[in-house]
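Based on these hints, arrange chain B on the given structure of chain A.
Residues per chain are reported as follows:
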Amino acid sequence: MTTCDSIVSQLTAYLDGELADDDGSAVRGHLRECAACRQLARDEAALRDALRVLPPVDPPATLWAGVQAQLAAAEVADARTPRWRRAIARWMPRFRAAWLPSMPQLAVAGLLAVAGVSALYWRTHRGDELATTDLPRLPMPEIQTPHREPAAAPAAALTTRSDDVTAELAAEPARVTGSYGEVIDELTRLAEEARGSWSDERKAAFDGRLAALAATVAQAQDGRPRQRAQRSMIRFLQGAVVRDEVVLASGGSR
Amino acid sequence: MEMLYHQYKRRVFGMAHRIVGVSDAEEVAQEVFVRVFRGLAAFRGDSQLSTWVYRLTVNAALSHLARRGRRREVGDDGLVDLPAAPPAERDSALAARIEAALSQLPAGYRAILVLHDVEGLSHEECAAILDCRIGTCKSQLHKARARMRELLGPDIAARVANLA
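If you're matching them up, the sequences are chains A and B in order.
According to our numbering, the first sequence is numbered sequentially starting from 1.
According to our numbering, the second sequence is numbered sequentially starting from 1.
Because the hints were derived from the structure by calculation, they are not lab data.
Every residue gets a Cβ at the ideal spot worked out from N, C-alpha and C, and that includes glycine.
What you were told as hints is all true, and nothing was included just to trick you.
Think about it this way: if two alpha-carbon atoms lie no more than 25 Å apart in a straight line, the pair counts; the simulated SDA-like pairs of lysine to any residue are:
no.	chain 1	residue 1	chain 2	residue 2
1	B	LYS143	B	ASN59
2	B	LYS9	A	PRO60
3	B	LYS143	A	GLU18
4	B	LYS9	A	GLY66
Have a look at the derived ranges for each label pair, beta carbon to beta carbon:
no.	chain 1	residue 1	chain 2	residue 2	range
5	B	ALA66	A	ASP23	35 to 45 Å
6	B	GLU27	A	ALA35	42 to 52 Å
7	A	ASP21	B	ALA66	38 to 48 Å
8	B	PHE43	A	LEU112	32 to 42 Å
9	A	PRO104	B	PHE43	31 to 41 Å
10	B	MET1	A	ASP23	43 to 53 Å
A few chain A residues that don't get close to chain B, going by computed Cβ distances all over 10 Å:
no.	residue
11	GLY29
12	CYS34
13	THR81
The following block holds chain A by itself, in its conformation from the complex (with noise of 0.2 Å):
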């Protein structure tokens, strides 16, 4: 039995002569018994009729004239725009010109691209550099030793390799710290084995400047101020060591 609903859902279809001929029979014969949907069916009908006789919207005057000018404005845009650029944009029209990123723009993203995979490999690589550059350890010397790092830390960090990154990256400024001095006890040691053919003034002169160069090693801040101390004091037994076995090789006496 055709009811109200159904026919209000078919009243489109009905109207537009889209319903197969048993169906819009049975719409037609609905309508003939009910007002009601007869109404509805008249005020659709009369709604499309005056739908379809709207008059048409006479463009203004002024159309052409813009069309005509953003045609004009879109050709110099492409005139700017790199050929690569129009290229893409024509395969891919989803992606429009606009929006593609320019040469600088790509050479900044590339510079961060390689920037950030250089941080990546360090972060990962650089530990193992550093223990492959260990020094080894060296005895400590029988005269006077400047300050140097408590040995524990740096001996630490030399004998255990942990595998978490950055804790050995922690690590890293003490490790370096720790090196420093053992180079400083080695070049102690040897200034002292050359120290037996120096002049008392010279012997003076010598503990000293070392007093001094290891009175700014123990002042100095942890890290790099006490590394830069460090190789100060390293500089200053390496020349005189060097020049003790410079002087000795060419036969000459100080």
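Showing chain B alone in chain A's frame:
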């Protein structure tokens, strides 16, 4: 190129006018013609030229509404529910009432009503233009007409007859 413009100017501008309103219709129509002329060489001919132009028009108009309305509510069946600008005063009282009701519809309903009932396109053509199934088109048209009946009030036939 100018011949093509004159051939489609009323249809394009009329569609734009009824979907986005009179204030933005010229801007949308300009955008459509620029796309038509710049894309003409790439037009593959797998649909009628008129269908392609209508499709560009509907897409440009709906995109314009979406930009203007900053993506408000999405209407039934995913159609954008955005109000058009108030229609211009027209000489005909009947046309004015219809246009006023039309402007209050969700944009998707406006599109299907204009394509099918105003422009007289078939459901197949409407489906191709709106990129949806024919059944969806029919369903949308049914809902759009029902909403128009609500907006125009009861006994439209008599009032339409009187106004006409």
